[in-house]
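Novice: Guided by the hints, dock chain B onto chain A, whose structure is given.
Just so you know, the protein sequences line up as chains A and B, in that order.
Start counting the first sequence at 1; every next residue gets the next number (our numbering).
Start counting the second sequence at 1001; every next residue gets the next number (our numbering).
Please note that a few of the clues may not be correct.
What the hints assert, rightly or not - Calculated pairs, DMTMM-like style, for lysine to aspartate or glutamate (alpha carbon to alpha carbon, straight line, at most 25 Å):
hint: 1; chain 1: B; residue 1: Lys1263; chain 2: A; residue 2: Asp21
hint: 2; chain 1: B; residue 1: Lys1263; chain 2: B; residue 2: Glu1248
hint: 3; chain 1: B; residue 1: Lys1322; chain 2: A; residue 2: Asp21
hint: 4; chain 1: A; residue 1: Lys65; chain 2: A; residue 2: Glu269
hint: 5; chain 1: B; residue 1: Lys1212; chain 2: A; residue 2: Glu269
hint: 6; chain 1: B; residue 1: Lys1107; chain 2: B; residue 2: Asp1245
hint: 7; chain 1: B; residue 1: Lys1263; chain 2: B; residue 2: Asp1245
hint: 8; chain 1: B; residue 1: Lys1212; chain 2: A; residue 2: Glu61
Rather than coming from a laboratory, the hints here were simulated on the basis of the structure.
Given the structure is predicted, the values throughout are model-derived calculations rather than measurements.
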Amino acid sequence: MSAFPATAHRSSAAVRARPADRIFRLLSTAAAVSIMVILAGVALFLILRAVPAIAANWTSEADLKSGVTGGFPSFWSYVAPLAFGTVWASLIALILATPVAIGIALFISHYSPRRLATFLGYIIDLLAAVPSVVFGLWGILVMRPFLLPMQEWLNTYLGWIPMFSGSVTSTGSSILTGAVVLAVMVLPIITSISREVFLQTPKLHEEAALALGATRWEMVRLTVFPYARSGVVSAVLLGLGRALGETMAVAMIISPAIITSFRVLTEGENSQTIASNIALNFPIATGLQRDALIGTGLVLFVISLAVNMVARLVISRKPRQRRRPTGDDGGKATAAPDPADVLAASDARVSPVSVLHPESVSK
Amino acid sequence: MSAAASTVARPAGRNRYSTGSLPRRINLYTLPGSFILAAAVMGLLGFNWFGLAAFTALIYLAAISGLSLVVENRRRAMDRFIRGLVTSAFLLALLPLVSTLWTVVSKGIGVLSWEFIGTSGGGTTINPDTLELVTSSGALQAIVGTLEITGLATLFSVPIGLLTAIYLVEYAAPTHWLRRTVNFLVDVMTGIPSIVAGLFAFSLFTLILGPKAFSGLSAAVALSVLMIPTVVRSCEEMLRLVPADLREAAYALGVTKFVTIVKVVIPTAIAGIATGITLAIARVIGETAPIFMAASFTDAFNGNPLAGPMQTLPVMAYTGYKFPGQDIALSNSQAWGAALLLVLLVVVLNLVARIIAAIFAPKTSR
Chain A
1 MSAFPATAHR
11 SSAAVRARPA
21 DRIFRLLSTA
31 AAVSIMVILA
41 GVALFLILRA
51 VPAIAANWTS
61 EADLKSGVTG
71 GFPSFWSYVA
81 PLAFGTVWAS
91 LIALILATPV
101 AIGIALFISH
111 YSPRRLATFL
121 GYIIDLLAAV
131 PSVVFGLWGI
141 LVMRPFLLPM
151 QEWLNTYLGW
161 IPMFSGSVTS
171 TGSSILTGAV
181 VLAVMVLPII
191 TSISREVFLQ
201 TPKLHEEAAL
211 ALGATRWEMV
221 RLTVFPYARS
231 GVVSAVLLGL
241 GRALGETMAV
251 AMIISPAIIT
261 SFRVLTEGEN
271 SQTIASNIAL
281 NFPIATGLQR
291 DALIGTGLVL
301 FVISLAVNMV
311 ARLVISRKPR
321 QRRRPTGDDG
331 GKATAAPDPA
341 DVLAASDARV
351 SPVSVLHPES
361 VSK
Chain B
1001 MSAAASTVAR
1011 PAGRNRYSTG
1021 SLPRRINLYT
1031 LPGSFILAAA
1041 VMGLLGFNWF
1051 GLAAFTALIY
1061 LAAISGLSLV
1071 VENRRRAMDR
1081 FIRGLVTSAF
1091 LLALLPLVST
1101 LWTVVSKGIG
1111 VLSWEFIGTS
1121 GGGTTINPDT
1131 LELVTSSGAL
1141 QAIVGTLEIT
1151 GLATLFSVPI
1161 GLLTAIYLVE
1171 YAAPTHWLRR
1181 TVNFLVDVMT
1191 GIPSIVAGLF
1201 AFSLFTLILG
1211 PKAFSGLSAA
1221 VALSVLMIPT
1231 VVRSCEEMLR
1241 LVPADLREAA
1251 YALGVTKFVT
1261 IVKVVIPTAI
1271 AGIATGITLA
1281 IARVIGETAP
1291 IFMAASFTDA
1301 FNGNPLAGPM
1311 QTLPVMAYTG
1321 YKFPGQDIAL
1331 SNSQAWGAAL
1341 LLVLLVVVLN
1351 LVARIIAAIF
1361 APKTSR
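If we strip away everything but chain B, and leave its shape as in the complex, we get:
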């Protein structure tokens, strides 16, 4: 319909320079057509959603490049084919994302309740009526552990990370050996596998405190190793965005470097720094392996990060599946509940990061 309208709107007669082109809205016809064909194929082979999407994409790609090859030319056909291909690549990446979130929400939503959040699991009691062993369920110990360990890790990494970034941006001469070394080492640190960070914390604490030195503090040290490079890089990036004019204006007024940094540079960059730190927290809060190495796991409530194994949400999700208790179904459902809580935490942290960014709109923009 619209194709016809556009033909009418143009001067009558075939334009020599625009001949051989498919109608502008060709996708609107080809895509549903491919979908119907794919549905028919699925009807023959047996239905499944992924097959439907895959066949739709394949038929669409074949149809659009075939049509273009016939009506237009080889170059245009290639162009349309690639356009379809990269769009399918993007849609393909959405599948695992949607599938993961859907699985976690649908599996975890049934477990999630105030009781699950508010009580600590793992205790066993005997039901007086049936004399069966009942395992209590709950994630309080894991929530407290996650918050304490991540909080401690933030407490360690933010000062070190921010001060290092300040050193790199404000103090070090560009060619100074220490600056180049630190830059290099931050890169190295970014590449540390998370499990190696866990092994480091474990080795450190067992060498000092003897075997069985599992503690929340140890896990926090492991997380700091992973978090510091992220914090350094994002703070560095934000400090570099602060215009040199502001610093020069402060120096011109006779303000010292320290006061300039604290009162001018950091406040200007604070939104970005806060965003970067929040995203760094969101990154390490889901780490499983290092916490598992350094803090072990437990079902008992332990609010003291200085001693004894500590449970966290990601580790709870892992152990609930890998080392289930006597009631396997219960352990598995607990794992999903922990996973959902964890995903919620990460999503909230990401949102908070963006809200910080939105509220403290960049003061650098003119």
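With the rest of the complex left out, here is chain A:
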């Protein structure tokens, strides 16, 4: 008995002595540190390029007075309408996508036949796999003409609402069309996270509700929704993060102007988004104009960072305890869904777990 600790001690000392071991540990720590370096690099290089344009005098600098940045007294007056347009387009997209996404998530988690659930989830994930440039082409060719009659109708009959006022687009290149395509693109993200959260509802709660005679919808309303609320909120926020940074589809569809406009059916006077503005003007911009565009990119970075942080805060926060805990395990069983599980669903668009262990996802 007395020899045992001694042996253990000697072997652990031997483990520490192996050079391969130490090198590998060092390597993996270095990789982890390199993540910090890369992110610091992203911020640093953007700031280095952007500062000259932000600090420059926009009314006297020859480079900034003309071309893509012409007509703006300062960097902030240039970026403000763009930031507004980014948020505005993303918000419309979210308003369109959220109800549908939650419906789909609910369908897959609680309504569809169990055997089909994994497959149906895969179909929705396929939507996430389609490259954004393909959605852009599709938006130009299919969505623009398809939505045109609806936009004319909205303008004619609901034109008294400021959003739908103005002269209606003739080609369909309005912010509404862009938002519809954006909605299609954020749909899979909101769906997959909401689905994960819905599936984590404690089975006992669901069965208890059903046993009390609740219909399926009442069961969902009473057990799934209260449990999943924070997860769904953060799913929507992560969807917002994706919509904010989306470039190609918007750049290809919307016919923009750098103005602050709430109108969604117009053409050539739609609010422009930051990402799309960069994509469209970067090739033709020169010198300080490029720096100004990089500055707007920095603003976009900060905005989407803030949205992502809030989303992750919401999901890692414990949901409020039920007001009337039912029995002993009431509080325990409504604990927050494991943030790691849920976020994994957002980080890897298609979680490898769902591929390898379909049964663990579809229950």
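Specialist: Frame of chain A; chain B shown alone:
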């Protein structure tokens, strides 16, 4: 018919507890009925497929909840209404998917040929007979560019991503400051808009190499920024699935940590890691904006990722539409060809990921 049969099979007389319920196969009657009604409405308004589907759904929803309200009760009606609603939501999401794929395939299939894949576009020659300027078509330069840039990005991100995941799972103590920081930063990185990654690569290379520093390498750096967090998260997830028993068994045999990780942990998780990496590649291969920023675009063939603009499939699809050449129709059709090739690549990568997962069945299952 079946409703009648089931009534017969049950005890005669109305059961007090099951009265007021619609026949089990009510959907089989309501749905075709709604469809016919919707078709009639379409006949009056002018036919279109989306209208037909929309009206079918609306009439079905109204009919099923109305029937249920009359025969059953308000709660059941609500239940049936919601069931119809979420099913329609799912079908609604299928529309853009099917429409997108159909558009890409139907537009691109005519362009796709071995010649399109095998030749490099953009060169102009003068037709000796008509003396017209002929622009050659082809996507070879874009295919090579896509493969090189994505390959380089994979080469950069997989070691960093995998090693970071190993650090997070195997080495770091749960409360260690570095682990918490890295975890947080990986989350931050996931949220980087793709165009910002492109701007970063552009800024980095222009600050070092001067203006016009467009290169495939720069685009690969941009893609790595987008790819690393995905790789870290999926590898981390797979490493965590490896049972602690396996590690403990190895340690008990006196195996060092390094050998345990390389010979026990990684082989156990390799299917998941490979799947995750393949899906990460599939994700970044379709990125347009960062490549467009960092590698610019060109019609000329450039096989050297270290210097000069490089064309890729997504950028080709974009520029073919946004900056068409002299022959606009040709540029547009080239764009669709590139889009179809890109979609095929993504689909193949997704399939490969699933085949890897299927062949190397999880060794963790007992």
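Novice: It remains to establish, for every hint, whether it holds in the given structure.
Specialist: Against the structure, the hints:
1. B:Lys1263 - A:Asp21: 13 Å, holds
2. B:Lys1263 - B:Glu1248: 13 Å, holds
3. B:Lys1322 - A:Asp21: 53 Å, violated
4. A:Lys65 - A:Glu269: Answer holds: A:Lys65 to A:Glu269 is near 21 Å, not above 25 Å.
5. B:Lys1212 - A:Glu269: 33 Å, violated
6. B:Lys1107 - B:Asp1245: 54 Å, violated
7. B:Lys1263 - B:Asp1245: Holds - the C-alpha atoms of B:Asp1245 and B:Lys1263 are around 14 Å apart, at most 25 Å.
8. B:Lys1212 - A:Glu61: 22 Å, holds
Comparing the model with each numbered hint stated earlier shows that hints 3, 5, 6 do not hold.
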